[in-house]
Amino acid sequence: MKKFNIAIIGLGGQGIITMGTVMKNAALNSDLQDVSGSERRGGAQREGYVETFVKYIFYENAAEMNSPRKNMHSPMIESGGANALISLEPLETLRGIKYLNKNSIVIFNKTPYIPISVRMGKTKYPEISFIVSELQKVTKHIYYYDIDAISLEKFNSLTQKNIIALGILFAKADIPIERSAVESVLAEGKGAENNLKAFALGLNL
Amino acid sequence: MSKSNLFINGSEGDKAIVLGNEAIARGALEAGIGYASMYPGTPASEIIAVLDKNKKHVENLYTEFSLNEHISLHGAIGASWSGIRSLCAMKNVGLNVASEPAQFLAYTGVKAGLVLAIGSDPGAPSSSNEQDDRWYSLHNYMPIMEPSNIQEAKDFTKDAFDVSEEFSFGIVLMAPSRLCHNAGALRFGNIRDRKNIKGDFKKDPENYLNLFSLAVKNHAKYLERNELLKKYLIESKFNKTINDGSSKIGFISSGVIYAHLMEAFDILGVYDHKILKLGFSFPISNELIKRFFEGIEKVVIVEEAEGFLEFQIKKIAYETGFKGSIYGKEFFSRTGELTLDDVISGVSRFLEKPLPASFDFAVEKDKELSNKLPQRSGTFCIGCPHRATFYSILKAVGFSNTEEKERDVVIAGDIGCYTLGLLPPYNAMDFLTCMNAGLSIGQAISNFDKSKKVIALVGDSTFYHSGIPVLLNAVQNGANILYIILDNSWTAMTGHQKTPSTQKDIDGKPSANVLNLKDLIKSLGVSYVKSLDPNSVKRFSAQIKSALKEPGVKVLIAKRECVLQEIRRNKSMLKNEAKVAETGESLYEIQKSRCVKCNECFVELACPAIILKKDEDTGGDYYYIDPASCVKCGVCYEICPNSAIRKVEFDLKSEFKLKKGLSEVTV
Numbered sequence: 014m015k016k017f018n019i020a021i022i023g024l025g026g027q028g029i030i031t032m033g034t035v036m037k038n039a040a041l042n043s044d045l046q047d048v049s050g051s052e053r054r055g056g057a058q059r060e061g062y063v064e065t066f067v068k069y070i071f072y073e074n075a076a077e078m079n080s081p082r083k084n085m086h087s088p089m090i091e092s093g094g095a096n097a098l099i100s101l102e103p104l105e106t107l108r109g110i111k112y113l114n115k116n117s118i119v120i121f122n123k124t125p126y127i128p129i130s131v132r133m134g135k136t137k138y139p140e141i142s143f144i145v146s147e148l149q150k151v152t153k154h155i156y157y158y159d160i161d162a163i164s165l166e167k168f169n170s171l172t173q174k175n176i177i178a179l180g181i182l183f184a185k186a187d188i189p190i191e192r193s194a195v196e197s198v199l200a201e202g203k204g205a206e207n208n209l210k211a212f213a214l215g216l217n218l
Numbered sequence: 002m003s004k005s006n007l008f009i010n011g012s013e014g015d016k017a018i019v020l021g022n023e024a025i026a027r028g029a030l031e032a033g034i035g036y037a038s039m040y041p042g043t044p045a046s047e048i049i050a051v052l053d054k055n056k057k058h059v060e061n062l063y064t065e066f067s068l069n070e071h072i073s074l075h076g077a078i079g080a081s082w083s084g085i086r087s088l089c090a091m092k093n094v095g096l097n098v099a100s101e102p103a104q105f106l107a108y109t110g111v112k113a114g115l116v117l118a119i120g121s122d123p124g125a126p127s128s129s130n131e132q133d134d135r136w137y138s139l140h141n142y143m144p145i146m147e148p149s150n151i152q153e154a155k156d157f158t159k160d161a162f163d164v165s166e167e168f169s170f171g172i173v174l175m176a177p178s179r180l181c182h183n184a185g186a187l188r189f190g191n192i193r194d195r196k197n198i199k200g201d202f203k204k205d206p207e208n209y210l211n212l213f214s215l216a217v218k219n220h221a222k223y224l225e226r227n228e229l230l231k232k233y234l235i236e237s238k239f240n241k242t243i244n245d246g247s248s249k250i251g252f253i254s255s256g257v258i259y260a261h262l263m264e265a266f267d268i269l270g271v272y273d274h275k276i277l278k279l280g281f282s283f284p285i286s287n288e289l290i291k292r293f294f295e296g297i298e299k300v301v302i303v304e305e306a307e308g309f310l311e312f313q314i315k316k317i318a319y320e321t322g323f324k325g326s327i328y329g330k331e332f333f334s335r336t337g338e339l340t341l342d343d344v345i346s347g348v349s350r351f352l353e354k355p356l357p358a359s360f361d362f363a364v365e366k367d368k369e370l371s372n373k374l375p376q377r378s379g380t381f382c383i384g385c386p387h388r389a390t391f392y393s394i395l396k397a398v399g400f401s402n403t404e405e406k407e408r409d410v411v412i413a414g415d416i417g418c419y420t421l422g423l424l425p426p427y428n429a430m431d432f433l434t435c436m437n438a439g440l441s442i443g444q445a446i447s448n449f450d451k452s453k454k455v456i457a458l459v460g461d462s463t464f465y466h467s468g469i470p471v472l473l474n475a476v477q478n479g480a481n482i483l484y485i486i487l488d489n490s491w492t493a494m495t496g497h498q499k500t501p502s503t504q505k506d507i508d509g510k511p512s513a514n515v516l517n518l519k520d521l522i523k524s525l526g527v528s529y530v531k532s533l534d535p536n537s538v539k540r541f542s543a544q545i546k547s548a549l550k551e552p553g554v555k556v557l558i559a560k561r562e563c564v565l566q567e568i569r570r571n572k573s574m575l576k577n578e579a580k581v582a583e584t585g586e587s588l589y590e591i592q593k594s595r596c597v598k599c600n601e602c603f604v605e606l607a608c609p610a611i612i613l614k615k616d617e618d619t620g621g622d623y624y625y626i627d628p629a630s631c632v633k634c635g636v637c638y639e640i641c642p643n644s645a646i647r648k649v650e651f652d653l654k655s656e657f658k659l660k661k662g663l664s665e666v667t668v
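For the record, the sequence lines run as chains C and S. The working numbering applies: residue 14 is where the first sequence begins, and numbers increase by one. The working numbering applies: residue 2 is where the second sequence begins, and numbers increase by one.
For reference, chain S alone in the conformation it holds in the complex (with noise of 0.2 Å):
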């Protein structure tokens, strides 16, 4: 978003370019919300982050990183019963530790209106499944509402909060990564009025005690509000119909895949079909459906994953007695992303309208090539404290690719940017499922076959969002286990979010609240903890051997910043203080005339910055540390095992003065 901050100055007539995220949070703006919070999590995450950065500048906004997806939702609703309109927002599995809160949100009801915003990841390029999150409403009986473009991303959101208030449901705000990641054209509305935003909490023991006959009560309100909203949905904006054609054949769609549907409808040149757009894809009102099946023999449900829409559709045709036909999921795939192709493909199938050549054409050549390319995956930043955890960790258990020696601990991997070492070259996980899964699988592991030690690896953000419990449990029941605690002071993956880690904001600032984690974890009963610098990879390496050779729960925490944040830190302090700092600098360099090749650094640890170059004089390949990306963490320079890396260091004042002299020959 540019210079003028259109984000919380704009009004009706502005138009900027924003991230779909951005344009449900300025949803929530213009609805008047009072409370926003989220534990961070791809692809949600700018949904509050943008909030949150803004929030000196807009009055009455109170904004929440929370430690886990289950407080969050919770904050949401004490907000919502104190008379505050709230936003919660989370990724698709966050659901899945929300679920009580959400569980109970239909039984006791909202009293300002209540979003949840969930960002789901079909293709899972940032999570670890492809949960779609409609299905929780077939038993929570939250509404979801599913916007398909950027612009309704925005109106849908302002206007949930008044379905939510009208029927007293916390409302669901389904985005995928598709639509949180679109950047586009954004028409603003006005903002609410902020300033009589004020919290009231009036008690209301009828909807907010739930026991015994009580929720029985409740349980059977909540079914009555679901068919008002129903009766609701049946002329409501938000459902639309496009009946221009003389077709027998009727689309439904909603959300993204909506989109994707009408481009597609455009490309292959069909304009006659009978179409739904479905902007609730719960509840779906039998009667909405039942006008618009008069006329269609043919139904073809288009949306991705298992089928939601088809579910419900199927169910409502059987009980308003439809006689045609309907189709889905034998033409739009269950698992993975549903692209644009995906549905170009399905509906030129089912129509049996030729696809357009230049499409076929490239269909076949990237499937001709795909399988030649060498495939590419992420790896840690250059100087990541994490690439240097899993090289002391694989060191000490014995694990080497260029040896081709395997390793024979359990590696219990969990969610971070620490989980791309599962990635080769690295390999260094054995299973991976949800948030701390790692030592409480880990342990039942080490329990049952004595013959495996156990490592187990946790991020600081994931520790804190529910890894206490089961440290504790490990604790509790003898477990015997090493837990290697990833301490990089931030929830790194999702945007650099704080954790009770963080110990200066980028600013310089200290944290208000520092915990100290090696003492909450000596205070869990832990005697075994010891806290190192992970960048130290050969101390860190003989640590690790060590302790697994003890008995017990064993702590081992890997404490260095994110080197991002550092520095980011670290250049902002030089701008603000106006002077270059006075101690000398450092660069690596790799002797050739030493350099044996043996893959030390260029393979095991494998830093992005070592680089393979091309010798002029020879032909052959060297080694090299590229020092337009090095970081100068020093680690190659640790474990090469022929001292062929040297530290070269100059004074920076002179160099400082070579460097603008050679950019003014050259510019």
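In isolation and in its complexed conformation, chain C is listed as follows (with noise of 0.2 Å):
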């Protein structure tokens, strides 16, 4: 059994959840593979934090998947057990660092949202070097964008930045399902031609 895992996190209203179901629609084609990863919603609130989980899992033949001992599994991610972390907010990334191991790529987003906190002047948002810099103790594979810059210069709107983090992803980390089968998921779903140009954005960034 092969498995690979992705914490997707950010903030509501991001499209986190849409980047998970993206991705789990594009593996729907094997038999002897499952997908699962559950969502951290909240309820209808702007600017909390959200997060969502991909987990392919990959069984060596059918008597594994029938296995009780291998067949169930948890739809969280375990500390250390992201393959890949995408975080469309610079700060949310380190909330995201209990996710990463020295293998783990990852890819976030440099423009900040202000929470209240730092708002009232309680706290500090900390600079993007501290960031990369407390990533940089954990792994050495980082890549960070201004994606809302370049979704609003590409598209006139911070709607794609989504996908283009999703291309941004198959660049970068050996992901282990089909380019395409993201691109007919993009395809069949809504805004499918700027979704399927901001994917290919991403994809050569």
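Please note: incorrect hints may appear among the correct ones.
Claimed, not checked - Under the rule of at most 30 Å between Cα atoms (straight-line distance), these lysine-lysine pairs were calculated in the DSS-like manner:
1. C/K83 / S/K249
2. C/K15 / S/K16
3. S/K615 / C/K167
4. C/K203 / S/K56
5. S/K238 / C/K16
6. S/K614 / C/K167
7. S/K368 / C/K150
8. C/K203 / S/K539
9. C/K115 / C/K15
10. S/K249 / C/K123
11. S/K615 / C/K137
12. C/K115 / S/K196
13. S/K539 / S/K519
To be clear, the hints were calculated from the coordinates, so they are not data collected in a lab.
Got two chains here, separate frames each, mind docking them using the hints?
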């Protein structure tokens, strides 16, 4: 059995849940494969922490798939258990550090969204250099971009930033599902034209 | 769920990614339900929402967003007695409201299968408590099924209807938020033929009439049925034992925690212990547990919350003469969500098995960092009328963050989106418990502490849920309190279900039975009632001030539709009409030269569309309204004491062309 875990984190309203759904739908082709992963949604509140897990499970054979010791999986990712982490908000990347190990790939968006505590002058927002240096203590594979700016510049909207980030993920990490599977999921969904462009854009960053 | 809508059309052989809640709904659909209802509540809302959304394509399906859980469960009972398989869903605390119908259900029994799906919320990310509803079953005798993953969520729900009919109990299907909001692969089954779903109520006085000796008789009957069910559960497919190792240690678990446990074993490389997976966590058969105890010296019970399984199993151990030791809550916390990490750590401690190095390192790193990072809490959406309401209240009562002025009024909180007003920077609630506690507790406080004014808050959906008797009580008993109803026309927090206040649907279609809230309140005997737009903050604030000076019960209705719904409707209307509105467009901007950073908009109002920007020339910071996120509610424009915020009107058509031109250049 092989597993591949992706943690996707960010804030309410950034399209985090959609990213998870796209990645999961791209993995329905094989019988010897399972996909799972829970979402932390909270209520309808905005700017709160949101996370979604994508867990791919590949069984060696049918016997393994039918074994009760092997075929039940937690909806969560354990500490140090993520093969890849995508974060759409820089500070939140540090809250996701618990999922990382030395081989994890980290992709994060460097546009900060200032929490209320910082707005009120009670705490300080960490510098990007601090965030990067903390991440580097765990893994060397760190990639960050101003994805908000890229999305605004190319699409005149922030809506595409989550799909751009998925493109980057495929460019930087060795994801065990087909790129084309993601493209066909995007092609069938809402806003297909822009999403396919956004995915291609991310692939080339 | 994807394009071809497998949710209603899927059959055996189909596979799709679905949410745990959708899997529960699909199981009920496969079982042939004709009735589905709920009062919305996170994490359970999608269970009924997905059925409601699809009902026009499903023959003979009635769905209802009931006004509260008490009504909703009674509706399911009525449907069941009419021979219709029925599904009722609610969040954990909903069962408190529905505990009365639940209490009678064992007495009367069901006719067609009835399943009550409960979304529990350990860790309380969306709730005001961590209540584990399983304990109710010790006295209401509702059997409890606990699916461990998405497939079981569907399969168990489908089977639950058969068990319900066979033993004449309503079945509780328990799903924590981790399962409700787990999205993963589901293999579909076939849907029962729906043509013959037709009600036929047959009188059954022996079961349905509960009074005096009839009730006592029914009490004895359900205890008997409970024993029959226990017998059935000794060898049912729902409880599974894994016994392929030589270890004398046995683990017992259920639900999602069982899934955590199996993954924890895999991560720790442990494969030889005996395991009992309880698909039914109530009732538990003595014989089943006795058989599991055979050859075992130590038993570990792995479960969330306060130990419902442990409580039952220790009793069974005593009754069956088990000589070994039983562990549970010594290793797994009673509070908060029990995460995969918690299960890994607990099992590792019990078995004295080392944790993986990467796990240890990550936990330490997280511990080291977490205190250093600024906390982040959710807030109101940009343009949310609740933000304006809280701002108006706080201004009326003299509160200020920037000037560090406290308020002297007591503010009673309640349940809904507006509950977020208890968080900084507003801190505008002094207590918060359950639905409609605000006014009733507030009434007593205003009675016993006459030195303080009391404001009680409530949303429209919460008011209709159970607030009318509370308000009537305040009137009847001469309370002195200001009651503010934040009427945004929707049950917004749980995904925008309709309330009696909903005027227009998202497609612009007017609702059939819109209630006039002001008239309703007048008819309850409240003479001081006014309805205002909270976004006119100065006027609203002045109104609150003057209302606080009046004696008796005063009601202010902060009436403005949820901004998300307003935006969605405008978008869909624009699309439908295939033309851009002719009226002019506007945007708000902060003039750098006039802004003195007084913080009225940035900290007091705290709209997330107002952000801090670096000034490239001076190196300092300035406040800026982000046009990409601003929804032009105009509240900041109204409150700016220095007139630094201006409204820029421009011709939409020429701007539209301009934007198009720009994007052609940049793409």
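Is the Cα-Cα distance between S/K368 and C/K150 30 Å or less?
holds (14 Å)
C/K15 and S/K16 were given as a pair; does the straight-line alpha-carbon distance stay at or below 30 Å?
holds (21 Å)
Would the pair S/K238 and C/K16 pass a check requiring their Cα atoms to be no farther apart than 30 Å?
Within the cut-off at roughly 28 Å; holds.
Mind checking the alpha carbons of C/K203 and S/K539 for me, to see if they're no more than 30 Å apart?
Judged against 30 Å, a Cα distance of about 41 Å means the pair is violated.
For the pair supplied as a hint, S/K615 and C/K167, is the alpha-carbon distance within the 30 Å limit?
holds (23 Å)
Would the hint linking C/K83 and S/K249 be met if the CA-CA limit is 30 Å?
holds (21 Å)
Between C/K115 and S/K196, is the straight-line Cα distance small enough, at 30 Å or below?
violated (58 Å)
Does S/K539 pair with S/K519 here, judged by a C-alpha cut-off of 30 Å?
Roughly 22 Å between the alpha carbons, so the hint for S/K539 and S/K519 holds.
Does the alpha-carbon distance linking S/K249 and C/K123 stay inside the 30 Å limit?
Answer violated: S/K249 to C/K123 is near 53 Å, above 30 Å.
Hinted pair S/K614 and C/K167, Cα distance within 30 Å:
Distance ~22 Å between S/K614 and C/K167 Cα, so the pair holds.
Quick one, are S/K615 and C/K137 close enough, alpha carbons at most 30 Å?
holds (15 Å)
Given the hinted pair C/K115 and C/K15, is their Cα-Cα distance within 30 Å?
holds (18 Å)
Checked against the numbered hints listed earlier, the structure breaks hints 8, 10, 12; every other hint is satisfied.
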